[in-house]
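Protein chains in written order, with the numbering used here: chain A, 1 to 214; chain B, 215 to 870; chain C, 871 to 1350; chain D, 1351 to 1651.
The set of hints was computed from the structure by calculation and includes no laboratory data. Treat the hints with care, since some could be wrong.
[Unchecked claim] Pairwise CB distance ranges (calculated): (1) D:W1410 / B:K674: 17 to 23 Å; (2) B:P414 / C:V1066: 40 to 46 Å; (3) B:P811 / D:T1553: 24 to 30 Å.
[Claimed, not checked] Calculated Cβ distances over 12 Å to all of chain B for the following chain C residues: (4) V883; (5) V906; (6) S910; (7) R962; (8) R1163; (9) H1212.
Keep in mind the model is a prediction, meaning the values are calculated, not measured. A virtual CB, placed ideally from N, CA and C, is assigned to each residue, including glycine.
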Amino acid sequence: MEHVTQLLLILVILANLFVLGSHPLGACIRAVAFQGIALGLLPLSLHPEERSIHLFVIALGMVGLKGFVIPGLLFRAIRDAAIRKEQEPLIGFNTGLFLGAILVGLGFGIAGKLPLPPHTGSSMVVPVALSTVMMGLLVIVTRAKILSQALGYLILENGIYTFGLILAAGLPGLIEMGVLLDIFAGIFIMGTVIEHIHREFGSISAHKLVNLRE
Amino acid sequence: MTFLGLSLLMVFLGGVLVFLPGLSRRAASLTHTVLVLAGCGVGLVPAWQALAGQTLSSVLVSWSVPGGQIELGIDALSGLFLLLHFVVSAAAVLFGSSYFEPYEEERSLKSVRFFLSGFIIAIALVFTAQNAVLFLVAWEMMALAGFFLVAFEGHERQVRRAALLYFVATHLGTLCLFVVFGVLGMRAGSFAFAQMAGHPALLAASTPIFVLALLGFGSKAGFVPLHIWLPEAHPAAPSPVSALMSGVMIKTGIYGLLRVLGLFAQPPAWWGLTLGAIGMCSGILGIVWALAQSDVKRFLAYSSIENVGIITLGIGIGYLGVSFHNPLIALFGLAGTLWHVVNHGLFKSALFLGAGSVLHATGSRDMNQQGGLFTRMPLTGCCVLMASMAICGLPPFNGFISEWLIYSGAFHLGQRQELYLFVGAPVLALIGALAVACFSNAFGAQFLGVARTERASAAKESDWRMLLPMGALTGACLMIGLVPGRCFPALGRAAAAAAPLSQMDVLGAIGDGGPLLSNIGLLSGAFLFLATFLFLMRQGILAGKDVAQSSTWGCGYSLVSARAQYTASSFAQFPVSLFRSLVDRRVESDRPKGYFPTGARFRSSAPDLILNRVVSPLVERSLAWMSTFRRLQHGKVQLYLLYMFVFMVALLFWKL
Amino acid sequence: MTILLLLLLIPVVLAGVSLAIRSDVWRPWMLVIAAVLHASLVANLWVSDAWPSIGTWLSLDPAGKVVLSLISALFLAASVYAVGYLHRRLERPNRTFVTSLLFFLSATSVVAFSQHFGLLWVALEATTLASAPLLYFNHNSRSLEATWKYLLICSVGIALALLGTFFLAVAETFQGPVESALLLPAMLPRAGSLSVPWLHAAFIFLLVGYGTKMGLAPMHTWKPDAYGEAPGLVGFLLSGVLTSCAFLALVRLTQVCQAAGQMDFARPLFILLGLLSMGVAAVFMLGQTDYKRMLAYSSVEHMGILTLGLGLGGLATYGAWLHMVNNGLAKGVLFLMAGNIHRHYRTKTASEVHGVLHRLPWSGALFMAGFIAITGSPPFGLFMSEFTILRGAIGNGHWGIVAGYLGCLAVIFIGMARIVVPMVFGEPPNDAAASGPKDSFLTTFTPLVLLAAVLVLGLYIPSWLDRALLAAAQLVGGLR
Amino acid sequence: MLTTFIPLGVTLVAAPLVPGLINKTKAAFAGRQGPPLFQLYFDLLKLLNKGAVYSRVTTWIFRAGPIVSLASVIVAALFVPVAGTASLSFSGDIIAFAYLLGLGRFFTVLAALDTGSSFEGMGASREVTFAMFAEPTLFIIFVILARVTGSLSLSSMLTQAPLVGTPSMAGLLALVVFSLFIVCLAENSRIPVDDPATHLELTMIHEVMVLDHGGPDLAFILYGASIKLFVMVAMLAHLVFPMPDGSPVQSGLVFGSLMALITIVIGIVESAMARLRMVRVPRLLMAACMIACFGMIISLR
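Could you put together the complete structure from these sequences and hints?
Shown next, in the form of structure tokens:
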């Protein structure tokens, strides 16, 4: 099952780079959805020996939530905001990609400082998780549209969740569910706020949101 | 000590009962005045006993605050300050009862009376607190009550600015005191002054404690670089409050300094020198700036700075005496200091009450618009005359006694080998001469000559509630001036409590100090006797002759107008021009133009040199520098997240 | 056990009920009912000295008890004020406002009880989400922007905290799987076996994450916008209650570090963050023009003081706990009064507000007294706590820290005085603002009670509170 | 007890002689015969027999001015030694001496301001400014003498000063005497600082303050001024040449001749120099102060 985990982790990294490099917002949301699904399947491949129902339920919940429900929410927000055209990031694409590469390196650097926990599926999980977190932050920092900032937050959550997989056994189910619920509620409220901003400001570009300053 | 508790209770009741709903305005003023006067009277008893040498038992109440302990005790030093405090408070409150009457219609005076009582209680607590935490609490409550009293006429922009400056200055000073008492408490293991006194562990941290104590207490006492709030706050406060502040609140700084420095068994010599240097430059700068003022209360505020300079010079001389193990110099210095504290408390509050009575009568504080008030307000005039003579240190009054002590301390110091020690006496003489210039100018401009404005000519004498306190204070000045010999032993005891002097050599020094002072008493008596003899002689001579009235000699020019007189600014123009570099004197005038000039205008003011040339530019520049940082909060949420991200990565690389 | 359940469920139930109520006039009373019940239950806890717990995840310990009682007291005061406030703001529907307030109460109560780091994280995230709608009560573009920034920054912060929690779990299970990971009572005895590098990484992430919730610099950027645009009531709850919960999270973290013997790793970080926050607050306070943003920076400063106290250890930790209680009470007075002044003068720029003492005598006096309290002047409690922290700093000879600490306090005092004094004194502008809402009993009674509490704490600390604070401080190595 | 007041008696009697002698020397220099030596006695008697004219503007302070200035000078004269012995001396009387002169000056200034005329105000302002330099110089001289003789009482300072004996003291003696001489000229408003005989109000300092006094008041003022001059010259005399401690007659003769000598020197200075410009007077007094400081430094070695 080692190579399946490697494949899924590579898929996660690719999804990140795709979001960083691509224009249309719809495509980005779909990429994040795929990333969610990949993460949903990851626990199955990481701990093949455990066939407990608890693991299946969590995986199913993750796939359902991250793959379909949250992207659905974001698509609805896009439809109301009637913005299809691509998003103009604050920095050019190649610089975005370049920074993305640097952050992957940074993630691996920090992971190198930390001793490898013995019973994790593969040594790749921690660096991938850290770099996904950093990429999520990068997306938030470099995007002009507040919707893509929400998207960046989602990538951040995915990164943290990949890290959570290492201790799938350790973390009791209730907490897992609580985390999922909170993330979902977070995205839901962000979606409603984005709608209000759209109605109030007539656009969801971050350039409008600067009149609270010293 | 129960008397002290009783007096504080009565003063507190005086402040609180004012809020009773049913009370009419007159009844409220009456209850407040009577209760506070009674409280002050009762408070005098323990102070007098402590000064007379009885050791009073201290009150000890457990207080569940970390490190705190309610411990009140009165030794000779606190007794002296308390005595001054209660006398000046009684005078100020009695004066206030009639001074505040015109304000009665437009606003309710409940808050002022409450804060006045709070102010008096807080100062009494400062003088009797034997525990550092209680001292700090009382200290800041005094500052708070003072702030609300200064901001009494808060609707004027100038008063608000002064109140703000006062509040910031006292708070910064208190922060220094936090560290002083924090370090003392931690090293001595407990916050009680008794445990701290002479504790061996204090020696290691003596220099930082000394510097911070100078900053903390100096800002309250008004040493020159830290004095900037004083000339702003005193004119802004109502007159009875400025009398109380200048007479007593400034002395809490001196008391605190003596108390903290007294904790050290062996003070190094450079302490005395620094104190002396600060005293001298405060004295000279204070009186030079006073000379250039035309607002009477600002003038008196600067003169307070000068007198604090003299007091600090005395402390410096006393501490030099202690470190040179010469009990005579130590006693002369410290006894002179404490005596000048009491004397200044008496005549400065009398002068402020006089200024208040003049303000009450003419409605203006500008000395250039008064004149000829002596004929219209003779009693106020007499009190202010006597107080002015006392503050200049002229013989028959008490100012001369304390300056004489400080002088003899300075002379004895001058006889030692070190070169720099001879400077004390001549500097004090320069300050004395400048004081004569200032106060003859102030008294002359206000009370003598012809009334310069119709308001001055329409002035009426104030009622008995204003005159009685002034009269009592100046009477006390004359009394002390005539019989100094009897007060000296009490002062000696207070000085012994202030500095680490062994009991034995203090009594010796008191022994030979006493007769000298009685000589001076004799001297003043001889002078008064001779003056009356000459007066009677002249009456005899003139009995037969005709005594005519005519106009002043105007070199033949008969139509002399009142405006031709020398005003306070013109009188001070020549001496101030010699100190041009020290005085930031601003003159706005348009000179008469052409052959037939229609009009001319001249207005001179002397804003505070340190405040305008040093502090304000400094504050502006630091504000400008700080506001460059404010651009960091520019509203772009992405960059906010970038700050977080960079900070986290930095932490990871630094600490991981 | 039942008390705990009741404490958590009452607000949720009442939230449901208030959702059902249609009239905006009656709904605010739900708040009062919930607050009174909550407060009585907490009082019962104190009287019967009971330490209830449900299973191992939710149980009360000294630190939780102090925070819970502070939450309950402040919420009671806020609810009474809220009734007066909402009756004046009937033009705004307050359905979401009241329900999210009640959810907020239950979420913070869960934080006070939670002994499991994961549950602690979930509860804190719930408080963030519950408080987001509160910010948006005014429904104008500025409050919308403030809400968005609050949501984004706090969510990212909390996400990092989640990552930190996972790191902590890995640190714990490094030697091999352990039962009930991330449970504080179980973790402390075996803290020696935690893997040190993972613990350090966890500490940094948790510090940054919960630091964002607390508003420590440089993660404080959301605070001035959020407090500046929120109604005074919400500002009070956020700065009094939410920050105390975040402080409790840091205390839990310190407990783990203490047990693992890693305090000399954690101390410099706490002190760095503390002084940095005080410095930033001082710099931004000086040129400030908006008095609500001024209070936000004052909150950043006081969080800095708390963290500094936690970092200095020993006496300063006791000072920090006392300071948390004092700060909550004093913030109440200031924010509620700022709310009154804002509604009367309808402007937030301090230079346009004068003569509050004449126009709103009670609010002006309380605002001035609040300012004197918050800047640590003696008769009020904050002086005692700040002086205790100073003694802690002097005790272990950190002269640099003492200088920085007092320097920031001085600059902040000057900054606030330059804003507050001209506002309170001076001639009121005689334009149309004279018709603004005057002081009423409901809008001034509770701040008066809060001020009285701060004054009492300044002069006399009741023995039961002193014991509780000492017990809470001893959890993280504090002493009297 | 009576014998102790003999020095005061001598001072009171002989004081008016000094201005007479000064005017005699000025006349001799100008080649004219000049007023008789006892002219001041006759003026005093004439004034005492006159009535008084007071301005309507003034209060009792104007009438008290001359009385207080005379009384203070007389009490100050108690301390100054005449022919080696003083009427009253205790440690620290130098301060009383200086401040009594200050008291006299304070009341003269107040009396001047009371008349409300601009000339008197101008004179008062100048008088007070010059006193600001004279007083510190006087006190530096007292500190020097206190260091050298080790005592703080005026009479023992002046009489026991071993000035002439040791060579180093000669330099110190010159400096002290010179600065005290300038202070004496300033205090008694003699020529370099102020012209006693001028009639132009704008140029006067001391004279203009007493413009409005007439009859007995003017007598008191003139008599007080002469006592002050006598006292200052007596101090100079004791410093220049220590009194031989032989019989009183012998020390009296030496003292008389020294007094005459110094008075003549003052007269010579007055005839040789004109009055300094008002701006230059502070520089002269500052020079005196620096000289005294220089003397102080020398006395330290």
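A quick look at each hint next to the structure:
no.	hint	result
1	D:W1410 / B:K674: 17 to 23 Å	20 Å, holds
2	B:P414 / C:V1066: 40 to 46 Å	43 Å, holds
3	B:P811 / D:T1553: 24 to 30 Å	26 Å, holds
4	V883	36 Å, holds
5	V906	29 Å, holds
6	S910	26 Å, holds
7	R962	26 Å, holds
8	R1163	9 Å, violated
9	H1212	20 Å, holds
Comparing the model with each numbered hint stated earlier shows that hint 8 is the single one that does not hold.
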